[in-house]
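Chain by chain, the residues run as shown.
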Amino acid sequence: MVRDFSQPNVSTPPAQAWLVLARNPVSAAAFFFVPALAALAVLAPWIAPYDPNATDLDHVLQGPNGSHWFGTDQVGRDVLSRVLVAARLDLAIAVSAVLLSFVVGTVIGGAAALYGGLPDRLTGRLTDVLMTFPLFVVAMAMVAALGNSIQSIVLASALVNLPFFVRLARSEISVLRTQQFVEAARAGGNNERQILFGFMIPNALPMLTVQVSTGLGWAVLNAASLSFIGLGIRPPTAEWGIMVAEGAANILSGFWWLAVFPAMALTLTVLGFNLLGDGLRDVIDVRTRR
Amino acid sequence: MTRNSDIRRFLFRRLLGVLPLLAGVGLFTFILVRVLPGDPAVYYATGPMATQEEIAQVRTTLGLDRPLAEQLARYFKDISVGDLGRSLVTGQLVSSDLRERFPASFELTFVAMLLALSFSIPLGIVAAIRSGSWIDHVIRFIGTLGVSMPAFVAGIILIFIFYFKLGLAPEPIDRIDPFMLKPPAVTGLLMIDCLLAGNFPAFASALARLLLPALTMAIIVVAPLMRMTRASMIAVLTSDFIRTARAAGMGWWKVYVSYGLRNALLPVLTTIGLVVSYQLGANVVVEKVFAWPGVGSYALNSLLATDYAPVQGYVLLMACVYVVINTAVDVLHALVDPRVRIE
Amino acid sequence: MTDRRAPLLEIADLAVSFEVHGGRVAAVDGVSLSIMPGETLGIVGESGSGKSVMAYSLVGLLAANGRVDRGNVRFEGRQLVGNRRNVKEVRGRGISFIFQNPRSALNPIRSVGDQVRDALETAGQATRKESARQALGLLELVRIERAKERFGAYPHELSGGMCQRVLIAMALAAKPKLLIADEPTTGLDVTTQKVIMDTLYELSAKEGLATLLITHDVGLAARYCRRIAVMRSGKIVETGPAKDVLERSQNEYTRRLVAATPRVGRSLSDLLPPAERAEFARPVQGNEPSSARAVPLLDVQSIRKTFEAGRPPATLAKLLQTLGWSPVPETTEHHAVRNVSLKLDRGSRFGVVGESGSGKTTLSRMIARLLDQTEGKITFDGCDIGAVPSGSFAGSPLRHRIQVVFQDPLGSLNPRFTAYEAIRNPLRRSEPGLPADVEKQRIIDAARQSGFDPKLLNRFPHQLSGGQQARVGIARALVVKPDLLILDEPTSALDVSVQAVVLNQLALLQRQLGLTYILISHDLNVIRLMCDRVIVMRSGEVVEANDVETIFSAPSHPYTRELIGAIPDLPASIVENPS
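Residue numbers (our numbering), protein chains in the order written: chain A, 386 to 675; chain B, 829 to 1171; chain C, 29 to 607.
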């Protein structure tokens, strides 16, 4: 019970962040990579060298060369342009889906933990039921039910992330409820709403932010997987999953660039989000430890 | 303190807790089918060539014109006896289709999980012991890379490398060389059946074809398992009771394996339960990529053909599998950790 | 008196450092000591002194980033530093350890009996077959009641005191020559502390063990150790017979440490070194509470609090019973507070004493309206505040008049608020219309009053020391000008020298502001210094209520006597036994 209080720690948040990043260069790379990727995606229509849907039957199935860095596909479309435009689409889907599940999940989970009792247990039960199903299968069924559109993919990807946000919000808030500074806040005259927004949510945000980052990765994965199996977004829309599916057929004939570039883009994007989430978690650990 | 009665009570409470879960699952799948586009009566009709009268007949027989609550009750009754309807595509009962194809998926998932564990646990332990070093970073990076790859990307890359470039793996179609004689189906698990029949060439062939898809399904779940092993191991290594054990002069094995590992693996056990769900989802995609004749590809093909009874049956089956696995995990946990038994 | 025998343990110029980001930190900086066979040596120091680190380094129990930089450690003549084989032989056999936080020091998934057996078998004292019987014997030796029943119990099923006994049993398994006890009683109740230490003392005497007792509690060391070494910042500042060190020390730090330990016959200002007393001895003008108030400030009548654990549904219970399984326990009710009444006049200093589970914290929360009572009336300055549910009290105009200073200095501060924001928050809530400059002045004044340097106001909690964190908590409570202040173990997490300053500060504040306070503590010495009247609580009930001097000089209830007897007190308890 007698802790070492004698040496106060004067490090500031930027110093802590720097500490973590210096030790882990890969996480540091992610901190730069993700914003760069976002920038690329947003600017895609302007920086893409060719029209992603323009076919050019004179230049079919060309390997990577000077005028087509990623080569061309079976109807002559420029693979690089398609990959860039697909980035925009996939990221837009991911961001919408995660935003939706973050807001809905945090509110539901947080409210449940705050009220406790029956709403809390009911929420827990419902989340458990939802997680009993392989979430990808549920997503599949949703897209089949709602029809092949971007909205259905967004909703399905939101659903895949939802239980994680509910669980996290619930566990964070229920731990925070018992903290002494929350009790102190009550003694200071704060009502429940002021406590929730002033004391609990700001302290829960770090972990939620980590989940947002990894959630973005999941959402991209999910959207691409759905398109791969033929649900949701249909060709000729440029989307990474579809491109890999079409490219897979050609891979065994030796035209590897059709599948490999979108696959790499996909993997690097998800990797970037995951590493970002890990880096954020490390920064939080440093902060909470001292 | 009476260990056995504690465990029995835990088991009972746990099983009791499963019932509302299963009820929720049933309700969910019921809603699922009602929500999918199309006329349910058509799914359950005797065949694709059903006439209007037959369909109307089916509708009344199935009670689809009855109030929803009654339909729900009927639905529960049906699934509890295993009547899952009939597939339009195969023309057979969904339950028999599933029974036929389940062993293939089970074999695949089981081997995948074994592979995943045999990679993640040792790697996690090494990463924990050498925490902070470059080995730790490399291991964690590889794990993250694996989980960042969608299942289909991993599968395609593996096929590309091992089949196409290196020529080591056989063609990614089916579970065994189509020209080889299959052993008599005793368990449905091809590898076991091969061993039972003493048919070693068939066993080798089956193993070779199982390897790539199982590896694909393993790669995508190594990260969470390894992470948990690492975190848990680090927590245990710095814990007070390990210090006590060391202070008491206990030997290496006793301290780090008997006291340490056993405690460290408990959270990993729980993680297995969570990870299985992800694997079952990825199963669909992997079976498509490798043309594996399991329930995943069955469900997918049915979905794309708007044949919904198999999809419903598949979803129910997956949910039940998950519940069984998680209950087993919890019971195992309770056997090892006495704190869990009292709630 | 010189001892001609060879020392059991000889430490010469030991230095230990840790690797942290940005370099190495020295934890132990040139320590030299020796322990004779059978003697009890106490190492006393505050947090950060390096006493535990030194002990761990003796048998290679340091964390991975720790390293012995230089020095010699000889046990029975054998070198331990850098010699793995010797260390291996000595661990658990020549030298044994017991730790603080006993429950977490035991393997949670293994029964206590089995763990003792493991210790026995490791030490080569028993084979697999015999170890069970011997383990049982050891458990009985350390006075675990119903040892046979408890043999198969798991650590989480036993109390802290019992877990510590199991650890002692494990330590004794190998019949060691030296027992190192690292803060063995921290976190245990005062009465349990005494029992554990007495058991330890007796066993050491019986088995001829030498003991190294590491503690921050000067009183504990005085009572149980023949020689004492005082450590500070990794160095030993003084060693000698206990009586000499405690009563006749020439070392400034030792004298300060000893002075700061509250005990019989000393006043608050005695806790501080003479140079620092003046600050708190300032005369106070005005603010004398008019004793002509007839109405008591606080009137608590027959207050009661019962917690109900969730009950399983009746049908489930019946079902289990019909299946023949052991009956599910009925609804468990926990009577945290049973029928407590008290009255407080303005300006009074009231103490509540009790061990864990006595209900003192629950009582304080109900008075502070952070928890609803099950029954009973609470009247504050004539208003029935008990009728206001705790959930709505935040909006009441009376809220700011009752404030709390919490036990955990760090945990009671919002990690996202600077000290300034933490103090500002309740002020904003109670006086929302305050102009910005007035608000700022109030905050700075509150900080100064609590002894908190206003220059540190823009720091976050984790950037402050424990004492500074405690002061922010006090400032936060005072800024809204409360009438009643509830102090819940305000200094129990602080070093004794910091505690001395904080207590003096509180006393000064009470005089200056005419505060009424309720001080809750398990430490009777602190209560004695800070309070005029006391109630002693046990299992939710008040067993004795009286003014402080009577309680100490003539306690009427046996439990009170037990509590007083359990305090290791100076100087009367200094060990006289020359062996």
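Hint data in this document are derived by calculation from the structure and do not stem from the laboratory. A quick note: this is a predicted structure, and the numbers were derived from the prediction, not measured. Backbone N, C-alpha and C define an ideal beta-carbon position, used for all residues, glycine too. Warning: the hint list may mix true and false statements.
[Stated by the list, open to error] Chain B side only, calculated, beta carbon under 7 Å to chain A, not exhaustive: (1) 863; (2) 930; (3) 972.
Worksheet item: Does the interface hint hold: is residue 972/B within less than 7 Å of chain A, judged Cβ to Cβ?
Response: This hint holds: residue 972/B lies near chain A, its Cβ roughly 5 Å from the closest one there, short of 7 Å.
Worksheet entry | Hint validity - residue 863/B Cβ closer than 7 Å to any chain A Cβ | holds, 5 Å
Discussion item. The hint names residue 930/B as touching chain A; please verify it with the least Cβ-Cβ distance against 7 Å.
Written reply: Hint violated; residue 930/B Cβ to chain A Cβ min 15 Å, cut 7 Å.
Of the numbered hints stated above, the single one contradicted by the structure is hint 2.
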